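The sequence shown begins at 1 in UniProt numbering and counts up by one.
You may find that some hints are simply not true.
Think about it this way: if two alpha-carbon atoms lie no more than 20 Å apart in a straight line, the pair counts; the simulated DMTMM-like pairs of lysine to aspartate or glutamate are [what the hints assert, rightly or not]:
#1 Lys144 x Glu175
#2 Lys404 x Asp434
#3 Lys53 x Glu152
#4 Lys390 x Asp439
#5 Lys83 x Asp204
#6 Lys404 x Asp285
#7 Lys70 x Asp102
#8 Lys127 x Glu198
#9 Lys83 x Glu223
#10 Lys495 x Asp452
#11 Lys524 x Asp285
#12 Lys234 x Glu203
The following label-pair restraints were derived from C-beta to C-beta distances [stated by the list, open to error]:
#13 Ser300 x Thr421: 26 to 34 Å
#14 Asp395 x Gln7: 43 to 51 Å
#15 Val187 x Asn396: 39 to 47 Å
#16 Thr421 x Ala54: 43 to 51 Å
#17 Ile322 x Gln7: 53 to 61 Å
#18 Gln319 x Asn227: 49 to 57 Å
#19 Arg101 x Thr421: 21 to 29 Å
#20 Asp38 x Ser158: 21 to 29 Å
Rather than coming from a laboratory, the hints here were simulated on the basis of the structure. Predicted model only: the values in this text are computed from it and were never measured. For every residue, glycine included, the Cβ atom is placed at its ideal position computed from N, Cα and C.
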Amino acid sequence: MHLLQRQGDSSFRHVVFRDNRHIPPYAILSHTWGPEEDEVSFQDLTNRTGTTKAGYRKIDFCAKQAARDKLQFFWIDTCCIDKSSSAELAEAINSMFRWYRDSAKCYVYLDDVSADSMAKNELAFQKSRWFTRGWTLQELLAPKSVEFFSREGDRLGSKSSRMQEIADITGIPTEALQESVLSSFSVDQRMIWANGRETTREEDMVYSLLGIFNIYLPLLYGEGRENALRRLQKKIMKAQEPVRSYTGDDERQDEALRSDHFEFVLQTQTMLHETNDHFSFLMGDSEDTNPPDLIAVNRSGTSDENIEVNVLYGSSNYQNFILRIATPNFTPLRKHWADQLEFTLADWNGDGTLDLIVIKKFDTGTHRTEVHIFSGASKFQEVLLQTGTKLEETDNTWSFGMGKWGDGDRPDLFAIKKSNTGTKSTEVHILYGDSNFQDFILQTGTGLHETDSKFDFIVTDWNGDGRPDLVAVKKSETSVKRTEVHVLSGGSGFKEFILQTETPLFRSNGLCEFAVADWTCDGKPDLIAFKKSQTGTNSTEIHVMSQ
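Start from the sequences, fold in the hints, and give me the full structure.
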C-alpha cells in the first residue's frame, strides 16, 4: 500500500507499506473525479509535478486535515495507485474496501458543494454528485469515521450526525450505516443500494461492489458490465455454498479435469542410483536451447554439517555428472531429521547463475524459519545469506518456493501453509526478498482446500503474465488414479485456477518429486517428475511431460 506523507517543503512523498499489520494510522479521501487530465497521478507525485492541476487542491486539503487530526499519513486513489501496473491496479481495487475500512478517518470532499451553495440551498448537500457515483458506495459503508467537507474545506458534519438524511438520500438502512456486518443484509438488498449509481467505465460498476460482497475478482476491462456481473454473481453463489469435505477418492474440483493436456516427451534413467527422502531434486530453466541440468541435493552430505550437491548434465539426458560436491561445513545446517530442510533455486544476487536456497524449518538457532543461500557461481562453496525470517519455526505442513512477487530487486520467499490454517484453505505467505525476508508482502487463503503430503507445490510463472503462480501436484487419492495438476493464478491472488488437469503419470505419492521448467525450450513450462525408487532401471528416473 502506498501512503502519502507531507514533507517540510509542503510537497508529498510516497511511502510503501508491504505488511498490512504494520501500516500506521492514516486518513483516506473520498471524492469524485474530474477530467482525468486534471487529476494528480502517481507519476506526478513521484516526479513532483502536477501542482498546477485542479486536483492538487484535494491533495492539499487532505494533507492539512490529516495534520489537524494528528495523522502523519494519508491515501488518495488518484495518486496512490500506479495505474501503469495492471497487477497493482487489480490489487488496489480488490483491497480498496479494506483500505477504507481500516482508515482512521475518511474525509469526503464534496467538490460541488460550497459554503455559498449551502447558504442559498439547504438541499445542496443532498444533491451532490458524490451520492450518485459507484465507487463512493463502499467509501460510505466501509469506514468507521466518515466526515463531509465543502469545496472550501469547511466541515459539513459526519456520517453519524447526518445518518437519517444519508439513509433518505441513498435508500441504505441506518443499520447498514452503523457498522453492521454487511453479510447480514441479503444479496438483493446490497445490489439495490447500487441502483442509480454510475461509473465512467461500465465494468467498474461491478468492480466497485467487490468489497461489499467480500469477493475477489480478476479485472478484465473490456468484458462489459453484463459479463462482469455474471462473474460476480457466480462468485457470490459459490461463496454461499456449504463448505464441502474434500477427502479420498471422492475429492473433485469444481470443473471436470482435462485429460489431454500433457504428453510425455522424455522418460529416461539417470546416472544417479535409486534415491530416498534424503534427496531433493531441482531444475531451473536452461539459458540456451539445451535441456536444463538436474540438481540433486543430498541432505546426508559427507558430514552432519554439510549437504552434497550433484549436478547432472541435461544435454546428455542426465547420463553424466557436471559436478559432485559438498558444501562447506556449516553449523546452522546440522541435521537431525530428513524433513527439517527444504531446497529451491533462485538467482539471489543477480549474477545470472542459480543459487541454492536452503530453508531450515525448525530446530533453528533464531527460533524462526531460516534461509541459507549458497552461491551457484562459487559451486556452492560461498554463503551469500544466512538469516532468520519473519516466519516462526515451521513443520511438515509447510512447503516453500521462490519467485518475484514484490517490486524489489531480489526474489521473494513463498511459504505455503497446507493444513491447520485459519482460512480452511491452503494459504500463501510471501516474505519480501529485499528486506531479507523480514516483512510479509502477502498473506492469503487460496482457492484450494487444505492439503497434505499427497501434494507437491511449485512456484512459477505458469501463464507468462509476470506474476508467479502456484502449481499444486496431487500425487495420489485422485479419482482416475493419475497424478493431477492444479494451477492457481497469482494474478487472482491465488483465488482462481488457470488449469486443472490429469497427467499421463499414474499415482506418484512416495515415489516422485516434481519440478516445473521449460525443458522443451518452447517458451512454455513443462512438468518434470523425478521417480526416486521402485524404478525398472534401478536408477532415479526423469519423466518430462510437455503441454
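Do the hints match the structure? See the list:
The suggested pairing of Lys144 with Glu175 holds, with an alpha-carbon distance near 13 Å, which does not exceed 20 Å. Simply put, Lys404 and Asp434 have alpha-carbon atoms about 10 Å apart, close enough for the 20 Å limit, and the pair holds. For the hint pairing Lys53 with Glu152, the CA-to-CA distance comes to about 17 Å; that is within 20 Å, so the pair holds. The hinted pair formed by Lys390 and Asp439 meets the criterion: a straight-line CA distance of about 6 Å does not exceed 20 Å.
About 15 Å separates the Cα atoms of Lys83 and Asp204, which keeps this hinted pair within 20 Å; it holds. At roughly 15 Å between alpha-carbon atoms, Lys404 and Asp285 fall within 20 Å of each other, so this suggested pair holds. Restraint check for Lys70 and Asp102: the C-alpha separation of about 17 Å stays at or below 20 Å, so the hint holds. Of the pairs offered as hints, the one joining Lys127 and Glu198 holds, with about 15 Å between alpha carbons and a cut-off of 20 Å not exceeded.
Annotation: proposed proximity of Lys83 to Glu223 holds, straight-line Cα distance about 19 Å (limit 20 Å). Taking the CA atoms of Lys495 and Asp452, the gap is about 19 Å. The hint holds against a cut of 20 Å. For the proposed pair Lys524 and Asp285, the alpha carbon gap of about 10 Å is at most 20 Å, so the pair holds. A C-alpha spacing of about 16 Å is found between Lys234 and Glu203, which places the hinted pair at or below 20 Å, so the restraint holds.
For the pair Ser300 and Thr421, the supplied restraint of 26 to 34 Å holds, since their beta-carbon distance comes to about 32 Å. Distance hint check: the CB atoms of Asp395 and Gln7 are about 46 Å apart, consistent with the given range 43 to 51 Å. Our hint of 39 to 47 Å for Val187 and Asn396 holds, since their Cβ atoms are close to 40 Å apart. Here the CB-CB span from Thr421 to Ala54 is close to 48 Å, well matched to the stated 43 to 51 Å.
For Ile322 and Gln7, the hinted distance range of 53 to 61 Å is satisfied, since their beta carbons lie about 54 Å from each other. Between Gln319 and Asn227 the Cβ separation comes to about 52 Å, which falls inside the hinted range of 49 to 57 Å. Between Arg101 and Thr421 the CB atoms are about 23 Å apart, so this pair conforms to the stated range of 21 to 29 Å. Our hint of 21 to 29 Å for Asp38 and Ser158 holds, since their Cβ atoms are close to 28 Å apart.
Going down the numbered hints, you'll see the structure goes against none, and every one checks out.
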